[in-house]
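Chemist: For reference, the chains in residue letters:
Protein chains: 2
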Amino acid sequence: MRRLRIPERNVIRIDEARLQARMAALARIGRDPRGGVSRLAYSDTDREARETVTAWMREAGLTPRVDAAGNIIARRDGTDASLAPLLFGSHVDSVPNGGDLDGPLGTLAAIEAAHTMLDAGVRTRHPIEVVVWSNEEGGLYGSRAVSGQLPHAELDNVSASGRTIADGIRAIGGDPERLAEARRAPGSIAGYLELHIEQGQVLESTGTDIGIVLGIVAIYQWEVTITGVTNHSGTTPMDRRHDAVLAGARFVELVHRAVIDEPGTHVGTVGRFEASPGAPNAIAGEVVCSLELRALDTGVIERLYARIETEAKAIAEATGTTFAFSGLIASVPAPSDPRIRGAIAAAARTVGCSAREMPSGAGHDAQCLAPLGPIGMIFIPSVGGVSHSPGEYSTPEAVRNGANVLLHAVLEADRTLP
Amino acid sequence: MRRLRIPERNVIRIDEARLQARMAALARIGRDPRGGVSRLAYSDTDREARETVTAWMREAGLTPRVDAAGNIIARRDGTDASLAPLLFGSHVDSVPNGGDLDGPLGTLAAIEAAHTMLDAGVRTRHPIEVVVWSNEEGGLYGSRAVSGQLPHAELDNVSASGRTIADGIRAIGGDPERLAEARRAPGSIAGYLELHIEQGQVLESTGTDIGIVLGIVAIYQWEVTITGVTNHSGTTPMDRRHDAVLAGARFVELVHRAVIDEPGTHVGTVGRFEASPGAPNAIAGEVVCSLELRALDTGVIERLYARIETEAKAIAEATGTTFAFSGLIASVPAPSDPRIRGAIAAAARTVGCSAREMPSGAGHDAQCLAPLGPIGMIFIPSVGGVSHSPGEYSTPEAVRNGANVLLHAVLEADRTLP
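Chains as they are written, first to last, in my numbering: chain A, 1 to 418; chain B, 1001 to 1418.
I should point out that these hints are in silico values taken from the structure, not numbers from a laboratory.
The following label-pair restraints were derived from C-beta to C-beta distances: (1) A:Arg349 - B:Ala1324: 47 to 53 Å; (2) B:Pro1371 - A:Pro237: 24 to 30 Å; (3) B:Ala1306 - A:Met238: 17 to 23 Å; (4) B:Thr1206 - A:Ala306: 41 to 47 Å; (5) B:Thr1395 - A:Ile329: 48 to 54 Å; (6) A:Gly139 - B:Ala1153: 49 to 55 Å; (7) A:Ile329 - B:Ala1306: 42 to 48 Å; (8) B:Arg1031 - A:Asp175: 57 to 63 Å; (9) A:Pro277 - B:Arg1058: 36 to 42 Å; (10) B:Asp1239 - A:Glu357: 14 to 20 Å; (11) A:Thr225 - B:Arg1058: 51 to 57 Å; (12) B:Glu1317 - A:Arg349: 41 to 47 Å; (13) B:Glu1059 - A:Pro237: 37 to 43 Å; (14) A:Thr225 - B:Ser1205: 24 to 30 Å.
Covered stretches of chain A (in silico footprint by chain B; criterion: 3 or more residues with CB under 8 Å from a CB of chain B, positions within the stretch not fixed): (15) 227-234; (16) 257-266.
Derived, one-sided and incomplete: chain A residues facing chain B with beta-carbon distance under 10 Å: (17) Gln201; (18) Val245; (19) Gly248; (20) Val252; (21) Pro359.
We treat Cβ as the ideally placed atom computed from N, Cα and C, and that holds for glycine.
This is chain A alone, in the form it adopts within the complex (with noise of 0.2 Å):
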């Protein structure tokens, strides 16, 4: 094989045609009867999808192989042996009655740029790896074995599909045994790129074609429990009340006005409400809620939830409740690296494409990868900003302007990244 320099105003495309035909296959497997598809981790259809795009790596040059965790990797080798390799890919599961592209974009384009390279002539200099991680859905359990932050107790976790873990692992041709061979070394890779539909509107809603992730951001989750008295509806005059709904329903107003009042891209929820005992005809004594925060920068976080605990406590006293906060989860953010979002920036004006930098709110693989190099993430609009949904759509256009650019940008940190 021939080794073509790349030409600054380079215009080699994607194979449109190739990517939807992969992508309309792909999609074929594991089809639910309500519409999308049901493509649990460890699944028979799973393993089905893996076969299959592992097919398609060896028609795009690559050679693939299965680490411990389960992930495959499918390798083409540099001109300079001396370097770390450049990966790129996504996961091919799903959520139940999941949506066609959350997952199998990034792949399938991922193989379709290493298949363009290939019938271009096009050789890196450093390795490439086309990556799909195994368990996304469940829990990013390819990629954080990858980054040695699966601790071995969840190998026994029961996955959606059924399936231990470990179990799972097993079915796909990993190792749960021999885990730590699949750990990759801080600096053991050149960089990560991982193309991924937005799953929000804020592409769409401002008409432009690619998002530059700026990195994924910090998830802290909280269990709220308010306590009250339960008692009866109506022999309970309203000033003898301990009501916990409505202590929850002055957390909930206390939550959106805390995470509007400061600027930012950082989002605020509460999703879970449970009003217990639940009838009609009793004052709750206990309400379930949830808190999540999340934001590229901890500090945001820290300083809305002193804010929202303190003015929790105003509430308690005020409605006679109390408030328990429990941590759930409280996640790093990852940043991307200028380096890679320079590259995309680079390669979205190459193919020409309009592209505004933005946060991920939703968790990916590649924040797992972080601590190894530099990553950086990809989006393409999301009609509706619909996901893990049979409706989750991207328009033909944002798909092959996504792997486009994907291409463009891997050949740019190929130049540019040590």
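Given the coordinates of chain A, assemble chain B onto it according to the supplied hints.
Modeler: For chain B alone, kept in the frame of chain A given last:
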């Protein structure tokens, strides 16, 4: 039996030891291992309780029968055969894991009042009928049958005991096929009196011995469905949300504000509040909650509801959601009769008890009797306002006061009512 004229300052008193012994004996039937009693209507323990009180009725000089609806009606003729009977009583069935007083107090105090009259040689002008209403806790089944408010279709309802209402009525000696025979015509009773625990804290907190019930409130209930859009909590900016939990929170505050803005004893409650899908990382697309309003005056309820419905529209507008109200219950209020209230007030004076007028926020069999003749209810303090729970408790002094006031109120009503 000779007839005594009861003097103005009559001081006959119920036999406290006998009443307390019977209450203790009844509380052992259906004793719940968790404390309190579980004596569900139509169950074996309900039947045992009914047999036990029937024996006590006979000891009190009454002649019991079971009507087609399974009500026990124990009669003693009066001196004037032309007069309609004076009814008094309550029920013996309980909620699951309920208390010892809700029902048994009124039933055993009624038997005790009749027994005291027998002991003292007191003969009333009116016939007296001590009544044990069947399946009060399941929904006033026995008393509704008597006033013609039990639609035939409800006989197929399944009671808490697992039996249908029809089977249950059969199990306690009634005959659902002949339910119409249990009906009594308007004007066919001289009056109805019921002693009950308050199930609230008004009497306790004001240090009052006796509550003279102004009436049983009207109860209106709605199911309120708030529809927003389920979306990803991380990828949906705050200003693009259609958050049903936020809308629901504002609705709860609105209900509270509307109810307390208007002076009076009416109450309003949102006791049920369920967010769907109910995950910490999903903006809730739906909330189903309850709205309950209770007042003696339905005009108050209508005014409150009009305000709530109007202001909910503004909440819907501001949050990008919709509200749908579905009416579930709209019961009529059952005002007590001023002559019966007067008899209770006179009885309280006779036995040296303080008294105050108050609504009954809870439903009682008495409300079903209101269309048939003048009704009245006597409340005694509930310690801590606790009810429908093993913690339900009234002091022996309060029980004695209540039974003595019932006794003298019946005698006063016997003197004054036609």
